[in-house]
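Sequence lines, in order, name chains A and B. Numbered per the numbering used here, the first sequence finishes at 799, counting up by one with no gaps. Numbered per the numbering used here, the second sequence finishes at 799, counting up by one with no gaps.
Accuracy of the hints is not assured; some may be wrong.
In this list, chains with the same sequence are indistinguishable; a pair is considered to hold if it fits within one copy or across any two.
As the list claims (entries may be wrong) - Below 25 Å or equal to it, Euclidean Cα-Cα: the simulated BS3-like pairs (lysine-lysine) are:
| # | residue 1 | residue 2 |
| --- | --- | --- |
| 1 | Lys-56 | Lys-13 |
| 2 | Lys-56 | Lys-777 |
| 3 | Lys-270 | Lys-767 |
| 4 | Lys-512 | Lys-776 |
| 5 | Lys-126 | Lys-270 |
| 6 | Lys-611 | Lys-692 |
| 7 | Lys-765 | Lys-724 |
| 8 | Lys-657 | Lys-777 |
| 9 | Lys-776 | Lys-56 |
| 10 | Lys-765 | Lys-657 |
| 11 | Lys-776 | Lys-126 |
| 12 | Lys-724 | Lys-512 |
| 13 | Lys-56 | Lys-126 |
| 14 | Lys-416 | Lys-765 |
Treat the hints as calculated values from the structure; they're not laboratory data.
2 protein chains.
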Amino acid sequence: MPTDHKTLTPDLLARMDAYWRAANYLAVGQIYLGENPLLRRPLALADVKPMLLGHWGTTPGQNFIYVHLNRVIKKYDLNMIYVSGPGHGGPAVVGNTYLEGTYSEVYPDISRDVEGLQKLFRQFSFPGGIPSHASPECPGSIHEGGELGYSLSHSFGAAFDNPDLIVACIVGDGEAETGPLATAWHSNKFLDPMTDGAVLPILHLNGYKIANPTLLARITREELDQLLRGYGWTPLFVEGSDPALMHEAMATALDDSVEQICKIQQEARASGHAVRPRWPMIVLDSPKGWTGPKEVDGLQIEGTFRAHQVPIKDPATHPGHLALLDDWLRSYRAEELFDEQGRLIPELAELAPIGTRRMGANPHANGGQLLRDLHLPDFREYAFKVPEPGVPGIGDTIVLGMFLRDVMKWNEGQRNFRVFGPDETLSNGLGALFEFTPRQWDAATVEGDEFLEPTGRVMEMLSEHQCEGWLEGYLLTGRHGLFNCYEAFIHIVDSMFNQHAKWLKVTSTIPWRRNIASLNYLLASHVWRQDHNGFTHQDPGFIDHVVNKKAEITRVYLPPDSNCLLSVMDHCLRSRHYVNVVVAGKHPAPQWLTMDAAVKHCIKGIGIWEWASNEGDEAPDVVMACCGDVPTLETLAAVSILREHLPTLKIRVVNVVDLMRLQPQSEHPHGLIDADFDALFTKDKPVIFAFHGYPWLVHRLSYRRCNHGNIHVRGYKEEGTITTPFDMTVLNDLDRFHLAMDVVDRLPQTGDRGLALKRKLQGKLMEHKKHIRLHGQDMPEIRNWRWEAAPA
Amino acid sequence: MPTDHKTLTPDLLARMDAYWRAANYLAVGQIYLGENPLLRRPLALADVKPMLLGHWGTTPGQNFIYVHLNRVIKKYDLNMIYVSGPGHGGPAVVGNTYLEGTYSEVYPDISRDVEGLQKLFRQFSFPGGIPSHASPECPGSIHEGGELGYSLSHSFGAAFDNPDLIVACIVGDGEAETGPLATAWHSNKFLDPMTDGAVLPILHLNGYKIANPTLLARITREELDQLLRGYGWTPLFVEGSDPALMHEAMATALDDSVEQICKIQQEARASGHAVRPRWPMIVLDSPKGWTGPKEVDGLQIEGTFRAHQVPIKDPATHPGHLALLDDWLRSYRAEELFDEQGRLIPELAELAPIGTRRMGANPHANGGQLLRDLHLPDFREYAFKVPEPGVPGIGDTIVLGMFLRDVMKWNEGQRNFRVFGPDETLSNGLGALFEFTPRQWDAATVEGDEFLEPTGRVMEMLSEHQCEGWLEGYLLTGRHGLFNCYEAFIHIVDSMFNQHAKWLKVTSTIPWRRNIASLNYLLASHVWRQDHNGFTHQDPGFIDHVVNKKAEITRVYLPPDSNCLLSVMDHCLRSRHYVNVVVAGKHPAPQWLTMDAAVKHCIKGIGIWEWASNEGDEAPDVVMACCGDVPTLETLAAVSILREHLPTLKIRVVNVVDLMRLQPQSEHPHGLIDADFDALFTKDKPVIFAFHGYPWLVHRLSYRRCNHGNIHVRGYKEEGTITTPFDMTVLNDLDRFHLAMDVVDRLPQTGDRGLALKRKLQGKLMEHKKHIRLHGQDMPEIRNWRWEAAPA
């Protein structure tokens with residue numbers, strides 16, 4: 008770089024440095040000061056917060072980045088948001104959104120004066136206040152941090168279909184060690200320079216985690232360069248610790264980056280031809296805790312892991328510490344930066360962009376503001392014809408696929424819907440999507456490839472983390488989507504779901520945050536149909552995990568057939584600010600309800616299937632409840648057996664689509680009131696409940712119900728192998744024979760006929776086991792079983 | 008490479024190719040043939056299995072690798088195991104262990120003759136048979152696949168402290184897209200050439216996943232080379248599809264790799280000086296479904312995603328398919344490979360290593376064979392002195408740390424114990440470990456670094472996936488370990504835990520598999536003490552997740568204080584083939600039991616704390632149950648309040664250490680019989696249960712108990728923020744005031760005194776909220792609370 012050309016004039020450099028000092032001052036103030044926010048009187052111990060909590064380490068670096076991004080936003084009139092990957096960048100994003108004015112706009116109480124400063128400082132890491140992350144309370148944030156690893160995935164999700172947006176993604180070098188982040192660098196093979204925006208990663212290489220050096224800081228610079236180029240990026244290194252040199256270097260690197268991004272986009276958009284670009288990124292190698300205390304009690308702080316949290320830990324008990332803190336605070340010369348009222352002086356304030364160009368005020372970071380309803384075709388038109396219950400289906404998700412294909416088509420204009428899945432979209436039965444749109448794929452293609460285009464809208468990478476992270480970023484910036492996944496492997500993102508559910512809970516209580524579209528999971532390829540895969544692929548426990556989160560946020564649906572699945576999915580795509588979990592089958596299976604009946608059933612979420620029951624006007628002898636497609640099938644087959652052999656038995660069939668109906672209304676908004684629950688399940692009759700998941704979940708949801716003591720649940724109990732679908736139910740005692748025997752066991756009044764039936768069914772089970780061992784297939788009576796209307 | 012020197016002689020090449028053909032033949036046979044295993048009569052439709060399930064795609068490549076590894080094992084007398092990363096390499100590992108003889112040794116029924124071949128074929132992907140993975144049933148396997156992403160972590164875990172072992176790790180290019188795998192490449196910064204073995208990754212670049220191309224196959228070769236070098240490896244590329252050329256290239260690359268590994272180890276061991284090596288690895292770029300059908304029904308199969316599973320899908324309904332299958336099977340010329348009896352001919356059989364050098368028979372892959380008990384110091388000697396209940400502690404995990412330090416020390420000779428944690432070992436209170444051993448760290452160090460050495464035995468990388476995967480690999484090869492983690496973020500490995508628990512369940516039923524050491528989790532930094540971090544760090548749900556797995560495998564402990572934690576951990580370190588979850592606090596907290604009392608209490612796992620109860624010989628009025636350190640503290644504080652204000656109330660305090668005691672004995676081996684449960688919890692008295700986790704878990708475990716209807720549980724209900732530890736309990740109604748009020752609510756006989764107390768406690772809660780808002784700290788009466796013996 009020739010030294011005679013400078014990106015920054017001396018005046019601009021000086022002002023940017025002053026702005027940076029202001030942000031750093033605010034950060035130290037947040038961590039330490041309860042009173043005396045501008046140090047207009049000598050610092051006293053009483054000014055210092057009683058509990059010192061917070062994270063300094065990453066903050067000055069992020070402040071540095073923020074002021075530099077402000078400059079390029081203004082210079083190039085950029086539409087940019089800021090994603091703070093390091094876990095604890097709270098003091099930086101809070102301070103900067105305060106300096107730019109956004110913070111006071113959304114929290115007028117935290118005004119731009121001395122009083123507001125004091126409140127800003129006090130609330131930080133204070134009981135009932137704000138945490139040390141880029142939390143939902145912070146304007147401009149779509150990514151909290153705390154749990155690490157998802158910043159790049161979120162950033163790409165935000166950039167999809169936002170061609171004018173640049174997402175500046177600060178990647179922590181600690182975070183970069185996580186698996187999800189390590190693969191997220193590859194997202195650049197899924198970004199189209201014509202129709203998507205750009206992500207500008209800034210690897211914040213400050214060298215240390217909580218207590219350890221970071222790997223990327225301790226490999227050779229050559230290796231790091233190779234690694235990033237191998238990931239497909241063009242890295243620009245900004246390295247050092249001298250602020251003046253670093254300002255110039257960072258400004259130059261940012262100008263380069265922005266100009267490269269614009270050039271890539273302009274060329275692609277002008278030519279209509281996409282060659283996968285090698286997008287620019289920046290590596291900012293600066294000291295951890297930059298500008299903080301060099302040394303405390305003889306130990307080096309700046310530039311080490313010791314700068315991670317609170318560098319000067321306890322002024323109350325260490326006499327010298329208060330003076331150290333005083334020196335540190337005063338090193339930023341706040342008196343030059345803030346005016347008499349405590350407001351940032353105009354020469355500095357003008358460095359920030361204005362209006363929605365401010366990263367704290369960019370509407371993409373409060374996605375509900377930009378959210379447009381999906382145009383939804385009438386799902387009833389995709390109905391599977393069910394002239395009578397029990398007709399063979401073609402696979403429930405396959406029917407759904409045609410609906411989703413048209414949802415994609417109807418929203419092509421507004422480009423705000425995508426489907427995500429880890430290499431499983433076809434496997435999960437959603438292949439119809441490819442009739443309208445291919446997969447997005449910006450890497451190389453060869454002859455014979457199918458459904459791969461740079462502008463595709465189905466996202467497939469073999470990483471559940473990426474699918475989840477991309478979708479979250481897409482939703483958080485005001486769009487809609489669906490994640491289809493094998494049921495067992497959705498546990499891979501348990502922790503990401505946790506964080507998103509927590510984000511939804513908190514944002515639902517923040518007045519200026521707008522609701523976003525729901526996060527929809529379609530769990531096809533479920534536990535009962537792993538004919539290929541066996542035990543490793545059998546785990547229905549994601550539902551258990553989900554219902555631990557706030558009832559206001561979580562919804563779980565188990566539609567028993569195609570028409571119910573269509574109705575449920577239409578509902579989910581219209582819903583807001585929930586996590587919807589939908590479990591459905593992809594294999595051909597019997598269909599039960601006409602579309603009209605399905606709609607009515609799904610609106611109720613739970614109900615008696617009168618066509619399958621024979622209780623007449625009297626109370627039933629037994630309730631056969633079912634939830635999930637396979638349990639519904641086995642329940643109806645059991646009912647069929649019972650009707651044949653014990654024709655006087657009065658059986659009620661209850662089907663559950665909306666699992667949360669089982670909970671008391673006091674626990675979940677979808678919960679039935681006790682009277683309605685009792686009306687369905689009776690107060691005293693045996694209930695044989697065939698459940699898709701782990702049986703105890705039904706107990707957990709229903710233990711407060713009057714008849715709970717009579718509810719006997721069958722479900723998955725970790726018995727599985729490579730076997731037929733029917734044998735899977737046998738292994739777990741969920742099959743028709745066991746269910747029918749369960750009824751006999753609980754109804755002594757069935758007497759000798761009951762006992763005879765039980766013996767017969769035990770024989771059937773033996774016969775089944777023998778047949779399967781010999782033939783590897785189910786007995787013909789299982790394979791060819793058909794539901795038939797009861798004899799009049 | 009000069010062409011005049013060949014690694015393979017023409018004869019050896021021809022025999023290796025024949026061996027490869029034999030393995031490929033066995034794979035196709037496993038997928039297709041129910042009868043006629045050596046095609047000694049014309050192939051008929053009746054010979055073909057009725058259901059065609061399995062995975063061909065990765066198999067020929069893995070067969071190719073296996074025969075080449077056999078060669079170098081023999082040539083260099085290597086101690087090597089084989090880790091099959093691609094999800095579905097079952098036919099390859101099964102076939103190869105059969106060819107080398109191991110399979111028939113562990114399953115004599117699957118003999119080395121025509122009859123055995125037929126059984127081998129039939130059992131594959133057949134009901135009740137074996138899955139299409141490298142499943143536990145397969146000798147030589149420590150890594151099932153199925154769920155993808157953990158092969159490299161497992162391999163490194165296996166290599167730690169096994170200086171003579173080389174782990175050949177086949178990494179699938181689909182698997183390589185997962186997050187865990189993407190960061191696992193960095194494991195090479197944690198491997199010491201002096202004291203650890205080596206991992207030889209073989210990236211199986213066959214280009215396709217289920218339905219998509221793989222990313223690594225569709226970036227430029229230059230990028231791939233940079234990526235792998237950036238990760239710190241020296242890649243050797245073996246590329247092509249012509250078997251003769253490929254055999255020679257692979258043999259050469261393997262010789263190079265093995266010689267490089269030996270050289271690195273010899274130099275390091277001779278010099279005693281470790282410079283981080285750039286270990287070799289191989290990229291095998293070969294067609295997916297290599298040697299399979301080129302085309303079926305006009306669509307290309309070999310070299311595409313269509314080769315992933317069963318390339319010729321349905322001979323029964325497609326007339327030409329049977330002939331295609333016949334051609335394919337006969338292309339391997341089985342008649343040249345197997346003798347009259349159906350046994351591999353001697354010229355080929357001798358290519359395999361013998362005895363335990365065979366990868367299927369290597370004892371490291373059946374780690375229980377090598378497992379040696381830990382030398383454990385007497386944990387009682389680490390007792391925290393508890394002259395009376397309620398004395399202040401120093402942090403329970405900090406006490407534990409001293410014991411673990413000495414466990415490490417006592418086993419330095421046999422080097423079979425390691426502690427793993429994601430940059431949190433210090434944060435979780437286990438810093439004492441560093442008094443004996445540092446962290447293992449082979450990357451660069453700088454002045455001022457602490458506790459980093461190439462030979463360290465504490466493993467820290469900021470990736471829960473890596474910690475879990477390394478530890479699993481370490482345990483599976485017969486060693487011991489502990490994973491310490493923040494409670495909330497252990498959910499990151501939910502799915503890995505699932506797979507390990509399933510592995511343990513299955514292996515416990517396989518006679519030749521030996522039990523291994525338990526997987527021990529220490530969840531410190533738990534939900535109730537996230538003063539720094541707030542809501543994102545609060546999730547006690549891992550317990551819920553764990554108890555969904557087989558009761559035979561899972562154990563959950565919540566020791567209430569330091570001495571109980573010591574006793575529990577000693578038990579866990581001695582146990583076998585379990586997953587033990589231990590939740591403990593790291594902050595100074597009151598201590599309750601002397602070591603003697605703790606040992607007795609932990610042996611029972613649950614019990615009445617008589618010193619805290621005042622029921623005397625009569626039945627209690629109320630049972631105050633508690634489980635977890637913070638709930639125990641709040642329960643005792645509530646008891647203290649109740650005793651002061653309602654001195655005639657007869658209170659029983661029950662503490663639960665072993666959570667599974669709550670389940671019926673029919674459900675869990677640790678479960679109490681009903682009579683014992685009733686003796687503790689009564690049959691009819693109110694129980695106020697303060698629980699560490701989500702309250703409904705207690706209901707789930709106890710819903711069958713007689714007194715369940717009277718059990719009222721308080722626990723975490725997703726209410727949290729940045730606040731004091733006591734305020735966290737208030738937000739979730741688990742604090743002493745709520746617990747005491749709960750008692751009053753359930754005991755109308757407390758009358759006016761009870762109502763007065765309730766009003767007072769409501770006032771206390773108001774006072775608390777106000778105090779905390781003003782001062783950011785708890786009221787002095789909370790901070791200074793001390794348990795005192797009840798007045799006589």
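Between Lys-657 and Lys-777, at a C-alpha cutoff of 25 Å, which is it: within one copy, between copies, both, or neither? Result: close neither inside a copy nor across copies, 33 Å intra and 60 Å inter.
My question is about Lys-56 and Lys-777: at a cut-off of 25 Å on alpha-carbon distance, are they close within one copy, between copies, both, or neither? between (74 Å within a copy, 17 Å between copies)
Tell me, please, which holds for Lys-270 and Lys-767 at an alpha-carbon limit of 25 Å: within, between, both or neither? neither (77 Å within a copy, 70 Å between copies)
Up to 25 Å CA-CA - Lys-126 versus Lys-56, copy category: within (12 Å within a copy, 74 Å between copies)
Cα distance capped at 25 Å. Does Lys-56 pair with Lys-13 within a copy, between copies, both, or neither? Neither: 43 Å inside a chain and 74 Å across chains, both beyond 25 Å.
Within a copy, between copies, both or neither: which one fits Lys-776 and Lys-126 at a CA-CA cutoff of 25 Å? Result: close only across copies, 18 Å inter versus 71 Å intra.
For Lys-765 and Lys-657, with the copy left unspecified, which applies at a CA distance of at most 25 Å: within, between, both, or neither? Classified as within; 18 Å inside a copy, 50 Å across copies.
Have a look at Lys-611 and Lys-692 and pick one of within, between, both or neither, based on CA distance no larger than 25 Å. within (22 Å within a copy, 38 Å between copies)
Intra/inter-copy verdict for Lys-126 and Lys-270 if alpha-carbon distance must be at most 25 Å: Answer is neither; intra-copy 44 Å and inter-copy 63 Å both fail.
Between Lys-765 and Lys-724, at a C-alpha cutoff of 25 Å, which is it: within one copy, between copies, both, or neither? Answer is within; shortest intra-copy Cα gap is 23 Å, inter-copy 44 Å.
Treating 25 Å as the Cα threshold, decide for Lys-724 and Lys-512: within, between, both or neither. Answer is between; shortest inter-copy Cα gap is 12 Å, intra-copy 32 Å.
Measure nothing new, just compare the shortest in-copy and cross-copy C-alpha distances for Lys-512 and Lys-776 to 25 Å and report within, between, both or neither. Only across copies: Lys-512 and Lys-776 sit 22 Å apart there, 49 Å inside one copy, limit 25 Å.
Violated hints, listed in ascending order, are 1, 3, 5, 8 and 14; each of the other numbered hints is respected by the structure.
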